[in-house]
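Residue numbers (my numbering), protein chains in the order written: chain W, 1 to 417; chain A, 1 to 417.
Hints may be right or wrong, so weigh each one.
Identical copies carry no separate label here, and so any pair may be met within one copy or between two of them.
Taking lysine-lysine and the DSS-like style, the derived pairs with C-alpha atoms no more than 30 Å apart in a straight line are [unchecked claim]: (1) Lys232 / Lys82; (2) Lys306 / Lys90; (3) Lys281 / Lys232; (4) Lys404 / Lys232; (5) Lys84 / Lys230; (6) Lys230 / Lys82; (7) Lys82 / Lys287; (8) Lys101 / Lys337; (9) Lys281 / Lys82.
In case anyone wonders, no lab produced these hints; they're calculated from the structure.
Protein chains: 2
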Amino acid sequence: MTAKNAFYAQSGGVTSVINASACGVIETARAHPDKIANVYAGRNGIIGALTEDLIDTNLESAENIAALRYTPSGAFGSCRYKLKSLEANKREYDRLIEVFKAHNIGYFFYNGGGDSADTCYKVSQLSAALGYPVQAIHVPKTVDNDLPITDNCPGFGSVAKYIATSTLEAAFDVRSMSATSTKIFVIEVMGRHAGWIAAAGALVADQGMPVLTLFPEVEFDQERFLAAVKAKVEAHGFGIVCVSEGCHYPDGRFLAEQGTRDAFGHAQLGGAAPVVANMIKDAFGYKFHWAVADYLQRAARHLASKSDVEQAYALGQAGVELAIAGHNAIMPTVVRKSSSPYVWEIGHAPLSEVANVEKFMPADFITADGYGITDKCREYLYPLIQGEDYPPYENGLPRYVTLKNVPVPRKLGDFAL
Amino acid sequence: MTAKNAFYAQSGGVTSVINASACGVIETARAHPDKIANVYAGRNGIIGALTEDLIDTNLESAENIAALRYTPSGAFGSCRYKLKSLEANKREYDRLIEVFKAHNIGYFFYNGGGDSADTCYKVSQLSAALGYPVQAIHVPKTVDNDLPITDNCPGFGSVAKYIATSTLEAAFDVRSMSATSTKIFVIEVMGRHAGWIAAAGALVADQGMPVLTLFPEVEFDQERFLAAVKAKVEAHGFGIVCVSEGCHYPDGRFLAEQGTRDAFGHAQLGGAAPVVANMIKDAFGYKFHWAVADYLQRAARHLASKSDVEQAYALGQAGVELAIAGHNAIMPTVVRKSSSPYVWEIGHAPLSEVANVEKFMPADFITADGYGITDKCREYLYPLIQGEDYPPYENGLPRYVTLKNVPVPRKLGDFAL
Numbered sequence: 001m002t003a004k005n006a007f008y009a010q011s012g013g014v015t016s017v018i019n020a021s022a023c024g025v026i027e028t029a030r031a032h033p034d035k036i037a038n039v040y041a042g043r044n045g046i047i048g049a050l051t052e053d054l055i056d057t058n059l060e061s062a063e064n065i066a067a068l069r070y071t072p073s074g075a076f077g078s079c080r081y082k083l084k085s086l087e088a089n090k091r092e093y094d095r096l097i098e099v100f101k102a103h104n105i106g107y108f109f110y111n112g113g114g115d116s117a118d119t120c121y122k123v124s125q126l127s128a129a130l131g132y133p134v135q136a137i138h139v140p141k142t143v144d145n146d147l148p149i150t151d152n153c154p155g156f157g158s159v160a161k162y163i164a165t166s167t168l169e170a171a172f173d174v175r176s177m178s179a180t181s182t183k184i185f186v187i188e189v190m191g192r193h194a195g196w197i198a199a200a201g202a203l204v205a206d207q208g209m210p211v212l213t214l215f216p217e218v219e220f221d222q223e224r225f226l227a228a229v230k231a232k233v234e235a236h237g238f239g240i241v242c243v244s245e246g247c248h249y250p251d252g253r254f255l256a257e258q259g260t261r262d263a264f265g266h267a268q269l270g271g272a273a274p275v276v277a278n279m280i281k282d283a284f285g286y287k288f289h290w291a292v293a294d295y296l297q298r299a300a301r302h303l304a305s306k307s308d309v310e311q312a313y314a315l316g317q318a319g320v321e322l323a324i325a326g327h328n329a330i331m332p333t334v335v336r337k338s339s340s341p342y343v344w345e346i347g348h349a350p351l352s353e354v355a356n357v358e359k360f361m362p363a364d365f366i367t368a369d370g371y372g373i374t375d376k377c378r379e380y381l382y383p384l385i386q387g388e389d390y391p392p393y394e395n396g397l398p399r400y401v402t403l404k405n406v407p408v409p410r411k412l413g414d415f416a417l
Numbered sequence: 001m002t003a004k005n006a007f008y009a010q011s012g013g014v015t016s017v018i019n020a021s022a023c024g025v026i027e028t029a030r031a032h033p034d035k036i037a038n039v040y041a042g043r044n045g046i047i048g049a050l051t052e053d054l055i056d057t058n059l060e061s062a063e064n065i066a067a068l069r070y071t072p073s074g075a076f077g078s079c080r081y082k083l084k085s086l087e088a089n090k091r092e093y094d095r096l097i098e099v100f101k102a103h104n105i106g107y108f109f110y111n112g113g114g115d116s117a118d119t120c121y122k123v124s125q126l127s128a129a130l131g132y133p134v135q136a137i138h139v140p141k142t143v144d145n146d147l148p149i150t151d152n153c154p155g156f157g158s159v160a161k162y163i164a165t166s167t168l169e170a171a172f173d174v175r176s177m178s179a180t181s182t183k184i185f186v187i188e189v190m191g192r193h194a195g196w197i198a199a200a201g202a203l204v205a206d207q208g209m210p211v212l213t214l215f216p217e218v219e220f221d222q223e224r225f226l227a228a229v230k231a232k233v234e235a236h237g238f239g240i241v242c243v244s245e246g247c248h249y250p251d252g253r254f255l256a257e258q259g260t261r262d263a264f265g266h267a268q269l270g271g272a273a274p275v276v277a278n279m280i281k282d283a284f285g286y287k288f289h290w291a292v293a294d295y296l297q298r299a300a301r302h303l304a305s306k307s308d309v310e311q312a313y314a315l316g317q318a319g320v321e322l323a324i325a326g327h328n329a330i331m332p333t334v335v336r337k338s339s340s341p342y343v344w345e346i347g348h349a350p351l352s353e354v355a356n357v358e359k360f361m362p363a364d365f366i367t368a369d370g371y372g373i374t375d376k377c378r379e380y381l382y383p384l385i386q387g388e389d390y391p392p393y394e395n396g397l398p399r400y401v402t403l404k405n406v407p408v409p410r411k412l413g414d415f416a417l
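Chain W on its own, in the form it takes in the complex (with noise of 0.2 Å):
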């Protein structure tokens, strides 16, 4: 059997650690010249196999494709475009087996979250349904962690840990400042539908600040909340707010929306944090500070988790390991095999159990008032945000790598997207 080539492409937002995946496909595919000739990577995502807009990531040093591994973002560029079904779009489906092809692609490597879990889903039927054989293997990636089976999602132990370390040294600030100035701090975390990087910000808790946690899967009553907030600064002299910007009201309002919607169809959020701060002030006076991470929450390499960073290149790899096992339709994950100390494995899961399937943070994970997390949550939690992987630094900033990303040469004629 001659070798086939890979395509590898990343999906939807992007993360500190999904070039660390990028590297663990890349550098296991290269340990096996004998089945995966070279890895075509798709300039911003599935776009790119569309177009027939390829890079020749073979041209990469192996030195930067190392530096993948601490690099955030996505170094072959994302996109946001989501396949439509089969029957609804046949022309889509018919240039990608028209692309590989041309240039031999046998495997399909789709790094990204639950939309792109779908998009891959739909290419690893391609065989079946017109007759091209091609394995569609999904590595996971999302900070929301919200993709089924897996323990968790590379991306959101990162974010996880930069959310807790800023809440937490944001709430040291505060606590000197309280007596005579600002009382209440909001800070405002990603997650559309997921409470999980919220409830990063609850673990401050446990070093004995007075935080409230605002989670999406608890309806927000205004009334009570302000009492929780009243309570807090009472105790303590200040309290900090964890608004997630998927909180919303029970008629479905989020605190804060900007209007606008992304080709997934989700509310483009934003603006929760100010929302909640001035409505702490109007109800009691207390001078307030806000911030609102927004991508500096996800791009945050500088302080990435060690087992993120590990487990991102280990499904990177993985997913290599599964193509030339064979398989197709199929996501590898992390199973969990304790807590404490944490140990894990990779294991894998059908696609099309993982597809288009979102998981929330448990009840039981979310304590009875709603504004805090339980033990079984920070059991959870702990291991996902252990051990520091840092970046080189030069000059002062940390040296991350910008690719050459040449094109493959094109063979075939125009698509129009």
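Fit chain A to the supplied structure of chain W, relying on the hints for placement.
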């Protein structure tokens, strides 16, 4: 001569390294028991002196005092409280002397920014004005970097490192997403009047990132700014804006003002980022994300600059050494001997030349278009962000110290602020 006690207090907005200065003060004082019997810290800054709420630092272990070197925030509490002039409020000065006498305090170490230098200068005049011998030393601190004479101010280098790193990471992120999604990222940074922190964001231009910086020193011109944004996006596919909270229109109006003022009369700012982001969206329809770092930037001890930490400690140490040498009304300073390699030494300046003087960005640090920094500014900034000085971690989070803060038994009656 019997040893006298020292009073030490933290004032104004805290930083990630002000406790490193506290560490320098206390460790150096402990090394000179013949001169300084004990360091009493003011609980919540100067308010602790006025209300006779003193903290006995002798009751803190050497290990915990050493841990202050890597703990952000103000370990003894800070305050925003400005003493009036002696003529306007003699009652407060009489009270200070009463407390100093009662606790045998002969040294006054005040750790703060411009307003605090003014307070410290007033206290230094007490010997002459009210006949009580006290030596007042100002230990500089301010993320705003706006104190005169000293090469830079402790706290600034670490914020600069954090903002430059965070802007770089976010720029990598946006670059990945820009083909089909976010094209504009706006990060708002601190700096009411001086654009030093915003200048740090401009450093990412050296890594090829299309960044526009909005300084308080440059009046905002919406039309010209939008044209510059468009040019960046058309050339690079995306754009980064680093906006100072103090950015304002020619008539003095801030881009965003929350309408409240702090005890020093400064407007409390925040929210310039969403204003700028929406302005760009309205003009060109570019999808955007924005972040407001707020306290996260000044509390980010996890990403402190090593040179900043070293200088913060050295200035605390020098403050005590100057006091022991008999100085009064003085501030230790950082003197730059060379930029490359960065060589500095400790000098000192009379408080009469420090109090109420603000150091803005020099005109030749800002590019002609007003949106970037010059090579001269780069030469100034890079040394200040050199080196990493990571805190220890435990359970995935930084292990910061919370002191016992045991009060010194009171000897006097109450005092109404």
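Homo-oligomer pair classification [Lys82, Lys281; C-alpha up to 30 Å]: For Lys281 and Lys82, only the inter-copy Cα distance (24 Å) is at most 30 Å; the intra-copy one is 42 Å.
Homo-oligomer pair classification [Lys90, Lys306; C-alpha up to 30 Å]: neither (42 Å within a copy, 57 Å between copies)
Lys281 and Lys232: within-copy, between-copy, both or neither at 30 Å Cα: Cα proximity of Lys281 and Lys232: one copy only (14 Å, versus 39 Å across).
Same-copy or cross-copy closeness of Lys84 to Lys230 [CA-CA at most 30 Å]: Answer is neither: 49 Å inside a copy and 33 Å across each miss the 30 Å cutoff.
Intra/inter-copy verdict for Lys82 and Lys287 if alpha-carbon distance must be at most 30 Å: between (44 Å within a copy, 18 Å between copies)
Homomeric proximity label, Lys404 with Lys232: Cα distance no greater than 30 Å: Classified as between: cross-chain Cα gap 21 Å, same-chain 52 Å, threshold 30 Å.
Homo-oligomer pair classification [Lys82, Lys230; C-alpha up to 30 Å]: between (45 Å within a copy, 28 Å between copies)
Intra- versus inter-subunit Cα pairing at 30 Å for Lys101 with Lys337: For Lys101 and Lys337, the Cα distance exceeds 30 Å both inside one copy (41 Å) and across copies (64 Å).
Up to 30 Å CA-CA - Lys82 versus Lys232, copy category: between (44 Å within a copy, 28 Å between copies)
Of the numbered hints listed earlier, those contradicted by the structure are 2, 5, 8.
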